[in-house]
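Asks: Top line first, the protein sequences correspond to chains A and B.
Residue 235 in the working numbering sits at position 225 of the first sequence, and the numbers go up by one each step.
Residue 136 in the working numbering sits at position 135 of the second sequence, and the numbers go up by one each step.
By construction, these hints were calculated from the structure, which means they are not laboratory data.
Hints are supplied without guarantee of correctness; some may be wrong.
Covered by chain A, per the in silico footprint, the following chain B stretches (three or more residues, Cβ under 8 Å) [as the list claims (entries may be wrong)]:
| hint | segment |
| --- | --- |
| 1 | 197 to 206 |
| 2 | 256 to 267 |
| 3 | 272 to 283 |
A short, non-exhaustive set of chain A residues, derived as facing chain B with CB atoms under 8 Å [said to hold, decoys possible]:
| hint | residue |
| --- | --- |
| 4 | ASN191 |
| 5 | THR265 |
| 6 | ASN302 |
Glycine residues also receive a C-beta, built at the ideal position from the N, C-alpha and C atoms.
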Amino acid sequence: MIKVLNALIAVLGGVAGAIVVYYLLNKLAELLPGRWEDRIKPYLYLLPALAAIGLYLIYPTIQTFVYSFANAQGTAFVGFSNFTDLLASKNFQNTLFNTLLWILVAPAGTIVIGLLIATLADRLRPGGEKLAKTLIFLPLAIGAVSAGAVWKFVYATNPPTQNQIGLLNGIWTGLGGDPVNWLQISTFRLNSFMLMVILLWIQAGFAMVLLSAAIKGVPTETLEAARLDGAGEGAIFFRIVIPQIRTTLITVFITVLIGVLKTFDIVYVMTNGNFNTNIIAVDFFNQLFTNNNFGYAAAIVVMLLIVMIPVLVFQVRQFRAEEAAR
Amino acid sequence: MRIRSTLTASATLGAVAVLTAGCLSDGGGGGGGNDNTSTTIEVMYAFAGGQEAGFKDEVNAWAKDNDIKIDFVQTGNFNQLINTRVQGNDAPDVALFPQPGIMKDLASRDLLADLSGVVDQGDLDKMVQGVLETGQVEGTQYAVPMSINVKSIVFYPKAAAEAAGLTQPPQTLDELMALTDKIAATGTTPWCFGIESEAATGWPATDWVENLMVSNYGADVYNQWVNHDIPFNDPRVLDVLNQIDQLLLADGRTNGGRQSIASNNFNTAANPMFDPTPGCYMYRQGNFVAQEGGFPEEVRANLDETVGVFPMPGKTAEEKPVLGGGDLAGIFSKNNKSAQKLVQFLASADFGAQSYGATGNWISPRTDFDVSLYPNQTEASIAKIAYESTAFVFDGSDQMPGEVGSGSFWRDMTAWISGQEDAKTALDNIESSWPS
Numbered sequence: 011m012i013k014v015l016n017a018l019i020a021v022l023g024g025v026a027g028a029i030v031v032y033y034l035l036n037k038l039a040e041l042l043p044g045r046w047e048d049r050i051k052p053y054l055y056l057l058p059a060l061a062a063i064g065l066y067l068i069y070p071t072i073q074t075f076v077y078s079f080a081n082a083q084g085t086a087f088v089g090f091s092n093f094t095d096l097l098a099s100k101n102f103q104n105t106l107f108n109t110l111l112w113i114l115v116a117p118a119g120t121i122v123i124g125l126l127i128a129t130l131a132d133r134l135r136p137g138g139e140k141l142a143k144t145l146i147f148l149p150l151a152i153g154a155v156s157a158g159a160v161w162k163f164v165y166a167t168n169p170p171t172q173n174q175i176g177l178l179n180g181i182w183t184g185l186g187g188d189p190v191n192w193l194q195i196s197t198f199r200l201n202s203f204m205l206m207v208i209l210l211w212i213q214a215g216f217a218m219v220l221l222s223a224a225i226k227g228v229p230t231e232t233l234e235a236a237r238l239d240g241a242g243e244g245a246i247f248f249r250i251v252i253p254q255i256r257t258t259l260i261t262v263f264i265t266v267l268i269g270v271l272k273t274f275d276i277v278y279v280m281t282n283g284n285f286n287t288n289i290i291a292v293d294f295f296n297q298l299f300t301n302n303n304f305g306y307a308a309a310i311v312v313m314l315l316i317v318m319i320p321v322l323v324f325q326v327r328q329f330r331a332e333e334a335a336r
Numbered sequence: 002m003r004i005r006s007t008l009t010a011s012a013t014l015g016a017v018a019v020l021t022a023g024c025l026s027d028g029g030g031g032g033g034g035n036d037n038t039s040t041t042i043e044v045m046y047a048f049a050g051g052q053e054a055g056f057k058d059e060v061n062a063w064a065k066d067n068d069i070k071i072d073f074v075q076t077g078n079f080n081q082l083i084n085t086r087v088q089g090n091d092a093p094d095v096a097l098f099p100q101p102g103i104m105k106d107l108a109s110r111d112l113l114a115d116l117s118g119v120v121d122q123g124d125l126d127k128m129v130q131g132v133l134e135t136g137q138v139e140g141t142q143y144a145v146p147m148s149i150n151v152k153s154i155v156f157y158p159k160a161a162a163e164a165a166g167l168t169q170p171p172q173t174l175d176e177l178m179a180l181t182d183k184i185a186a187t188g189t190t191p192w193c194f195g196i197e198s199e200a201a202t203g204w205p206a207t208d209w210v211e212n213l214m215v216s217n218y219g220a221d222v223y224n225q226w227v228n229h230d231i232p233f234n235d236p237r238v239l240d241v242l243n244q245i246d247q248l249l250l251a252d253g254r255t256n257g258g259r260q261s262i263a264s265n266n267f268n269t270a271a272n273p274m275f276d277p278t279p280g281c282y283m284y285r286q287g288n289f290v291a292q293e294g295g296f297p298e299e300v301r302a303n304l305d306e307t308v309g310v311f312p313m314p315g316k317t318a319e320e321k322p323v324l325g326g327g328d329l330a331g332i333f334s335k336n337n338k339s340a341q342k343l344v345q346f347l348a349s350a351d352f353g354a355q356s357y358g359a360t361g362n363w364i365s366p367r368t369d370f371d372v373s374l375y376p377n378q379t380e381a382s383i384a385k386i387a388y389e390s391t392a393f394v395f396d397g398s399d400q401m402p403g404e405v406g407s408g409s410f411w412r413d414m415t416a417w418i419s420g421q422e423d424a425k426t427a428l429d430n431i432e433s434s435w436p437s
């Protein structure tokens with residue numbers, strides 16, 4: 011009860027506080043002579059938002075840069091040694107390689123699966139389409155940690171003398187095989203791919219919804235024109251549909267890509283980076299919270315930021331181009 | 002316009018960078034003790050669940066008789082929180098440290114009360130010696146043990162293991178090896194072993210390494226190794242890993258084989274012991290595995306009839322080293338009479354006699370504690386293993402720096418056991434991760 015009351019007070023107080031702040035800013039602007047009032051007012055209105063962004067976004071980012079050149083405790087500068095140490099370590103190289111695999115495979119995989127489902131579901135009767143889409147969309151509503159918990163039961167392994175509670179091992183031993191420790195097979199990074207499957211399972215629904223809407227938005231005249239010209243289904247799909255949903259494809263790709271770069275929970279829950287499945291976000295977490303090494307943790311974030319910037323720039327450009335085309 | 006806004010932006014960024022650059026932290030010094038002298042005192046600790054409930058009952062009953070009011074503060078993240086609170090001049094009156102490292106650090110910064118005048122030193126001789134010593138800094142007692150856990154225990158399914166040849170607990174490491182061979186020859190794997198523990202996967206393996214370190218080389222070498230006076234990858238440690246290889250990892254030694262160890266949860270790894278045809282006969286683990294969440298409920302209901310225990314043997318029959326841990330009580334509010342009284346109580350033989358001992362969630366660090374107060378024979382035997390030990394060493398990974406103790410040591414042992422690294426590489430990796 012008290013918590014509800016607190017929440018209410020917080021919401022009301024927050025709104026009232028914001029009103030008071032803007033009212034005062036307005037009054038302040040009105041004190042200015044004539045034309046200056048109109049010139050300054052927009053900036054005064056922007057001020058709280060800019061201050062918040064500065065305090066919560068820009069300041070920490072710059073601090074992170076600063077700390078990436080400092081030692082583990084953040085007490086003295088050590089130059090580039092955090093970066094050189096990390097890049098020279100075999101473990102971190104493996105971590106980077108795994109992250110690269112995730113970047114290459116997961117977003118593309120999500121697009122392919124999402125597109126496949128969207129296209130196939132489009133051919134179903136309305137009832138079937140709804141059901142199929144709902145089922146595939148469902149995992150998106152589950153958090154990544156819960157998804158990990160679900161998939162633990164898929165990959166679970168017990169010693170051969172015990173019953174297999176894992177789905178995959180249930181099938182495998184049912185077919186006469188010996189139980190396999192799926193998540194420990196790092197040959198060809200099989201375990202990393204098995205973790206990526208979880209991300210695909212979560213994200214396919216998201217890709218499907220957006221792509222399905224885009225496919226439905228493709229004008230039927232273009233499809234009919236193609237059919238009249240004698241194009242096969244494959245040609246129609248790749249040469250008529252795909253070019254017309256290109257912008258949606260890119261949006262989905264970039265969203266999933268950014269999601270992949272930030273992926274932490276799945277790997278943390280399933281393996282915590284053991285068995286050669288470590289990725290950059292998990293490594294960052296462990297450097298910061300297990301090793302208390304602020305320097306390494308900050309350096310990892312800076313590297314992640316550097317990788318992300320081109321993606322973000324591309325996305326912003328793409329967005330601008332879209333806006334301009336309208 | 003474009004150029005100007007870019008210029009402004011970079012100028013702003015530059016200005017912020019200049020303002021914040023050099024803003025490094027000052028290294029976490031400072032902070033202070035606590036000058037509370039009232040009869041309301043705050044006690045902070047890390048244990049939870051049944052252990053916490055039993056502790057509260059016992060202490061509350063005592064506090065009522067002594068007109069003291071106690072605020073209980075439980076935290077899973079003890080080490081970080083205590084540091085933050087000390088830095089903020091907001092230390093609790095009494096802290097029950099789960100690991101000695103941070104306690105020693107605070108004591109050497111003169112933040113903890115010297116307990117020499119608070120508790121009767123002569124009376125402390127009754128404590129398990131190794132644990133008592135972990136509460137000392139340069140010979141001065143800054144914290145006293147108030148609970149212990151014992152990790153050098155081998156559990157076995159009584160009836161089945163006796164039938165398989167475990168009639169006499171092994172007295173030496175050689176006998177343990179012989180027993181392992183003997184059981185393995187019957188075609189059943191002798192050992193249960195599992196090191197999976199969610200994000201903490203690997204720690205049960207570190208306990209094995211630590212246990213065999215102290216069994217083979219004694220407490221002195223063990224402590225040198227834990228304190229990094231000898232390198233982590235000392236040849237003796239490699240010998241221990243090879244010993245583990247023979248005992249547990251070789252074909253036919255562990256239920257499920259080497260590959261299943263890293264995916265087998267430590268709490269349930271022993272369950273095949275209790276199958277009609279046991280999958281394994283021995284499980285070395287801490288006393289907590291016999292509590293809720295560990296052995297299956299029907300086993301715990303008949304603990305004494307079903308489960309037998311023997312201590313991990315030493316090199317010779319005379320040596321009985323034990324690996325374990327415990328909580329150590331220290332005082333921040335140096336002049337608080339109530340806090341002193343509480344710590345006197347926690348260190349006394351009376352503590353736990355009322356109700357805590359009977360809960361089965363707590364073992365007294367005092368060798369003169371009446372073992373008949375424990376709820377079952379198994380726990381009494383476990384306590385006796387600690388009380389009769391010739392050396393009691395504190396869990397090493399808990400004392401090592403976080404990078405090692407809960408980082409590389411866990412991780413590289415997992416990699417070694419699951420076959421991703423050989424023993425030597427694993428040890429070399431851990432050594433190189435030790436912070437300079």
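Asks: How does the segment 272 to 283 of chain B fare against chain A when you require at least three residues with a CB closer than 8 Å, holds or violated?
Replies: Held - the segment 272 to 283 of chain B has 4 residues with a Cβ nearer than 8 Å to chain A, which meets the minimum of three.
Asks: A closest beta-carbon separation below 8 Å is what the hint needs, so does A/THR265 meet it against chain B?
Replies: Constraint on A/THR265 not satisfied, violated at 26 Å.
Asks: According to a criterion of three or more residues whose C-beta lies within less than 8 Å of a C-beta of chain A, is the segment 197 to 206 of chain B covered?
Replies: Holds, because 4 residues of the segment 197 to 206 of chain B bring their Cβ atoms closer than 8 Å to Cβ atoms of chain A.
Asks: Does A/ASN302 pass the interface check with chain B, least Cβ-Cβ distance below 8 Å?
Replies: 6 Å, holds
Asks: Is the hint on A/ASN191 kept, meaning its closest Cβ partner in chain B is under 8 Å away?
Replies: The hint holds - A/ASN191 has a Cβ within 8 Å of chain B, the shortest such distance being about 5 Å.
Asks: Please count how many residues of the segment 256 to 267 of chain B have a CB within 8 Å of a CB from chain A and say whether that reaches 3.
Replies: Held - the segment 256 to 267 of chain B has 8 residues with a Cβ nearer than 8 Å to chain A, which meets the minimum of three.
In terms of the numbered hints stated before, the structure departs from hint 5 and from no other.
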